[in-house]
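2 protein chains.
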Amino acid sequence: MSLKNILLRTINQKNKYINLAATAVKINQEQYNYREQNRQYRKTVATALFSSVLIGTVLAEKSKNESKGKDKNKDDNICEAGERRPDLPTYRAEEVSKHDSVESFWVIYKNGVYDVTSFLPSHPGGDQIMNAGGLSIEPFWNVYGMHKTKDICALLESYRIGNLHEDDMMDHSGDELWVKEPSRDKRLIVKTSKPFNAEIPAKLQVEHFDTPNELFYVRQHMPVPELDSSQHRVRVTIENGETVTREFSLQQLDMFPRTQVRAALMCAGNRRSEMNEVKPVKGISWQGGAISNAVWEGVLLVDVLRACGVDNTDVAGKHVIFTGSDIDATGVNFSTSIPLEQALNPSNRILLATHMNGAVLPPDHGHPLRAVVPGAPAVRSVKWLESITISKDESSSHWHQKDYRSFNASKTWETADFATAPPIYSLPVTSAICDPANGDTVVAKNGVVEIRGYAYSGGGAKILRVDISPDCGETWVQAEEMQTDDAPPQQHYSWTLWTARIPVRKEQKEIELWAKATDSNFNTQPEKFDDIWNIRGLLSNAYHRIKVQIKH
Amino acid sequence: MSLKNILLRTINQKNKYINLAATAVKINQEQYNYREQNRQYRKTVATALFSSVLIGTVLAEKSKNESKGKDKNKDDNICEAGERRPDLPTYRAEEVSKHDSVESFWVIYKNGVYDVTSFLPSHPGGDQIMNAGGLSIEPFWNVYGMHKTKDICALLESYRIGNLHEDDMMDHSGDELWVKEPSRDKRLIVKTSKPFNAEIPAKLQVEHFDTPNELFYVRQHMPVPELDSSQHRVRVTIENGETVTREFSLQQLDMFPRTQVRAALMCAGNRRSEMNEVKPVKGISWQGGAISNAVWEGVLLVDVLRACGVDNTDVAGKHVIFTGSDIDATGVNFSTSIPLEQALNPSNRILLATHMNGAVLPPDHGHPLRAVVPGAPAVRSVKWLESITISKDESSSHWHQKDYRSFNASKTWETADFATAPPIYSLPVTSAICDPANGDTVVAKNGVVEIRGYAYSGGGAKILRVDISPDCGETWVQAEEMQTDDAPPQQHYSWTLWTARIPVRKEQKEIELWAKATDSNFNTQPEKFDDIWNIRGLLSNAYHRIKVQIKH
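Chains W and H, in that order, give the protein sequences. Numbering that gives the first Met the number 0 numbers the first residue of the first sequence as 0 and each following residue consecutively. Numbering that gives the first Met the number 0 numbers the first residue of the second sequence as 0 and each following residue consecutively.
The shape of chain W in the complex, shown without the other chains (with noise of 0.2 angstroms):
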């Protein structure tokens, strides 16, 4: 099993760590399951070890040298950091293992030792770094494969010291961790390939009103689990006073009644490249390709608590946790919560889901069984999901507590305060021109230039209007075509896609166009980003705006 191959390598590092390393292999091979291998593991070793990284982040340098760049497709990936260096000292394990404080933090890739005490303060993935003191990084980068850019080697290179003694040197390839990743349409856009984020063209998007699977946008935070279906179970526990647990094979769940509800997902993070040009922001540099629509198919998960037991007495402050079956380097199950009376409401329509567009979850999109939470940004639509838990507290995991929380523009990551600022369970309205893109040349038919898009609002609103100014906001064309689904009031979690025609004069060369759309809450999107900026690059919804030149 991959997983215990990496938490072996870690332990085996340090030698402190050997007598729980011990206990942990102790456990009879035969016995353990995935899901208890898991378990098991966090609770002797690996929180010990070191909690989670660097989730999703790349140097936004990074992001906007590619979106510059040539070859968007290619993930560049070759890391020429730790080669053997003559000209440097050598350094037995153990001297490295000792420097693990903020007064002095080395760390090792491959054949090299790095002292990075001063690029701590800097590191994109916060205190998360503090977890690899005195180790090899490779156990880390293996899952976190984003780091292994000629940038980020280069920079890791410019902290060097020295050499690590041949005989402390261990194999950290990790390369099984990503052996069993699912094949990928060529037509997606990658992001980062380890784990694997990938947007849909924006072409594409507008093409079909619900997205085709393989083209479904894909966001990743670690490896794709490789799951069972008829062997997979999802737990319920309910925490109040005692701890009640039912178990659900996916034939256990179908006693309930299935149900469809066409819902787009976005990334909080969709559009951050935008933003980004503001000022960096740490992220994924995601451009609009961060948002698809297809209709989910499953069973509500109010039925499911509700034949659990869970009513409506003692629900205000309680949480709905979900956990994925996909792991971190350190063995923690991904996982995030939603507010319990958000996942009681049935307008809410949150959904067990199996299915989508008719077909069997792909894996990339959680086969056999994820969340849906329609109207929320899609971190809460945990996929693989194994278990959900009625809590008195949120999720207590990195991506619930040090991520997909939002700040005013003037916190830094000094600043911040994860602690007090409020989870991200919904998101505002936003929109995209799709054809063409920024530096296209379109045709002029009959002096009209006509503009397809998206736009999307979470919280159940539906979007009234899209309008489009032709001329830096002089004057606003609305949108003609409006292709949306009849949900009800307030529940309308589908995307929109739109056709506007825009009158351009005959002597006209280039055209700059800005799109912001109207909801039904009548919310509009900010014009700029300067004001929305934040740390994280999240909810990145002003205007959208490009320059197409005009061939008449």
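These are computed hints drawn from the structure, not numbers from a lab.
In silico BS3-like links for lysine-lysine, alpha-carbon gap of 25 angstroms or less:
id	chain 1	residue 1	chain 2	residue 2
1	W	527	H	546
2	W	410	H	505
3	W	410	H	527
4	W	527	H	410
5	W	147	W	109
6	H	527	W	546
7	W	527	H	278
8	H	527	W	527
9	W	444	W	550
10	W	546	W	505
11	W	278	H	527
12	H	202	H	444
Each pair of labels, with its calculated beta carbon distance range:
id	chain 1	residue 1	chain 2	residue 2	range
13	W	509	H	550	48 to 56 angstroms
14	W	242	H	186	53 to 61 angstroms
15	W	238	H	511	45 to 53 angstroms
Backbone N, C-alpha and C define an ideal beta-carbon position, used for all residues, glycine too.
On the provided structure of chain W, position chain H as indicated by the hints.
Frame of chain W; chain H shown alone:
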């Protein structure tokens, strides 16, 4: 009865209507009650004469003058038009009555005859003026008293062509329409006195989390009806092939569980005066005082509808029409509607309310019964509620069809299509600084200026953050104190009062402050009014900006 008098007077203006009028007045005076009178007259006479007029509109210029003016609390209703002018010819009423088309359009005001043909396209109330062709405009102006300003009377007088023959003069004083108006708190800032529209002063808004009833802003479309709570009935009519009707006294409504909802009500035109600075709009020139907060008590509309046989079948696309007892110059009751699916969603907490902050509803707020539609523009919370109709159509009233809809910034009164514009059933996020006011001098204590205000978002969204910029967007200071209530997620209908502490420099003499709020859907306010400008001045929710002097 004042209504009868108005109608009779108007009827008498045109001989051709005399027969209809005779039919109308035959109705046994002892038998008719308030409601039957409305209905009978509407059928036989009123609709033939004129429909509704100029709802709540004032010339934008007037608003501007008012907001700059010295005496904001006094209605400027001294009209000097209509004096006899010996230099002009005399016309008989019969001659005037022939000029009732767009080719030639005359009206009468007191002694004066006016040819306003060229004014027709610029009438703020649009086509409604056509109902007064060849007639006296006094009955209309008696109901829509906001016409009676020096500016408008001078404008009218500029169209003067003659005098009305003395034998055709009629008394249209109509004072009795207004004699039963309730007394009002002197601290309210009166925008128009007939009908009565008044806002709460900003500094009093932030003094109380639940606004005292006597300070709750008042928005009337017509005179306040005088209703007897012991006699009052609300009729529920379900049009579903056959029509089913049930009536409830207030005592009978009490068979449903009574409940309380804390909700702010805000006029969709709140903060219109700021949008008016960009380009004149039509409507009462509200500052930020057309919002107040209260605890409403009554029974849930959904319970009453269920008891009347409304279930979940065949609800899509249907509407709930609320009709009040207040009537316009033509005998038409105030009415508007909301979608039935919105009404049936228990999360929306829609009330038939009898109490406000623990007291019986005051006359200005709908005594003895009003709808309260939390999260929606206050116009949907129909006062003096006398009927509820489930219908496949929206309310056909002027107020529903020709007002409270939204357009983009490029639509004019000529191009705006009210029929296809969606009605406003929810409100976007907004905020305002209440204390200090623009132009005030504030005292800095220990280098800090304290400011207070409100924030609100419709559709049940909670305010999560209020940010203040003391330097035109360079930096943002998050408000520290947020007074709110603990409603469940997505059911947050109360406003939020906030306090922020802004550091100022020692030598700083002046400061410009910007306020913006973020709600639980993470929608924020637009930066400026230009791009959300609309002909009716609705949904005016851009940043609130003030300048104040600093005393150290």
